[in-house]
Structures are given as structure tokens and as C-alpha cells.
Amino acid sequence: MKELLKVSNLKIAFRSGQESTEAVKGIDFSIAEGSTVAIVGESGSGKSVSCLALARLLPPPSVCEVSGEIRFQGTDVLGMDKAGLRKLRGRGIAYIFQEPSASLNPVFTIGYQ
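Counting along the sequence shown from 1, when you hit position 57 you're at 61 in this note's numbering, and nothing is skipped either side.
Quick caveat, the hints were computed from the structure, so don't treat them as lab data.
Hints are not guaranteed to be accurate.
Stated by the list, open to error - Lysine-lysine pairs mimicking DSS-like chemistry, simulated, CA-CA at most 27 Å apart: (1) Lys-51 x Lys-86; (2) Lys-6 x Lys-91; (3) Lys-15 x Lys-86; (4) Lys-10 x Lys-91; (5) Lys-29 x Lys-10; (6) Lys-29 x Lys-15; (7) Lys-51 x Lys-15; (8) Lys-15 x Lys-91; (9) Lys-51 x Lys-6; (10) Lys-10 x Lys-51; (11) Lys-29 x Lys-51; (12) Lys-10 x Lys-86; (13) Lys-51 x Lys-91.
Bear in mind that the values here come from a model prediction, so they are computed numbers and not experimental data.
Build out the structure end to end from the sequences listed, making use of the hints.
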């Protein structure tokens, strides 16, 4: 199977003044096209933050520092410009936030939304 997403040495730290707290400490994984993946772990283990990083939905660098490598269909996500990110978020990666009722309408099918 063709590799769809590859994450290498992903590190995420949040800044507060001069202090920096590492939320994700270097994770690696890859997802093949057509596969199903579940990300599980304890509360506060970095699951949501890691997933938000995949589509660059985290706060700006003044607040949040992301390093490592994220490649979607071979393209460097962390190096994408705004137009590339719009295309990625519109056609490549979709994100359903933790409170799906805030972003999904139960009247319509998921496919329609």
C-alpha cells in the first residue's frame, strides 16, 4: 500500500513567557492509503495536540513550537504556504473536533457535510 501520511520525530511545545512545556516528545508513525487507524492513550497524553498538528491547526509559533516532519502524500505539511494549507484542509485532511455536535448537523449525512 502507498504511504499517505508519515510523521517523524514530531515534537510540540507550548510557551508561556520564558517557560516552555513539551506536550509531545518525538512521535513517529505512518498511515497507508486505505487503512484505518485509531490513536488511543491516557487523557493529556498528546493525542489531540498531535492530530491538530497534522493539519497545522495549532496556535502560532509565538505560543506553540512544532518540530519534526509531517508529510502528507509526500508533501511537507510544516513547510506549506497558506494556499497549500487551504487545499490540504479542504481536500486532503479533515478534522472532526472533540465536540462533534458543534461542527456536525444530525439532519445531514456525514458524507454531505
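Consistency of the hints with the structure:
1. For the given pair, Lys-51 sits about 25 Å from Lys-86 by alpha-carbon distance, which is consistent with the 27 Å threshold.
2. For the suggested pair Lys-6 and Lys-91, the alpha carbons sit about 21 Å apart, so the restraint of at most 27 Å is met.
3. A distance of roughly 22 Å separates the Cα atoms of Lys-15 and Lys-86; the hinted pair therefore holds under the 27 Å criterion.
4. A distance of roughly 18 Å separates the Cα atoms of Lys-10 and Lys-91; the hinted pair therefore holds under the 27 Å criterion.
5. At roughly 16 Å between alpha-carbon atoms, Lys-29 and Lys-10 fall within 27 Å of each other, so this suggested pair holds.
6. Under the criterion of a C-alpha separation no larger than 27 Å, the hint pairing Lys-29 with Lys-15 is consistent with the structure, at around 5 Å.
7. Distance restraint check for Lys-51 and Lys-15: the Cα-Cα separation of roughly 12 Å lies within the 27 Å cut-off, and the hinted pair is therefore satisfied.
8. Between Lys-15 and Lys-91, the direct Cα distance comes to roughly 24 Å. Compliance with the 27 Å bound is thereby established for this hinted pair.
9. Of the supplied pair hints, the one linking Lys-51 and Lys-6 holds, its CA atoms being roughly 24 Å apart against a limit of 27 Å.
10. Pair hint Lys-10 plus Lys-51 holds up; C-alpha atoms about 16 Å apart against a cutoff of 27 Å.
11. Between Lys-29 and Lys-51 the CA atoms are separated by roughly 12 Å; this keeps the pair inside 27 Å, and the hint holds.
12. In summary, the hint linking Lys-10 to Lys-86 is supported, as the alpha carbons are separated by about 21 Å, within the 27 Å threshold.
13. For a cut-off of 27 Å, the pair hint linking Lys-51 to Lys-91 stands: about 24 Å separates their Cα positions.
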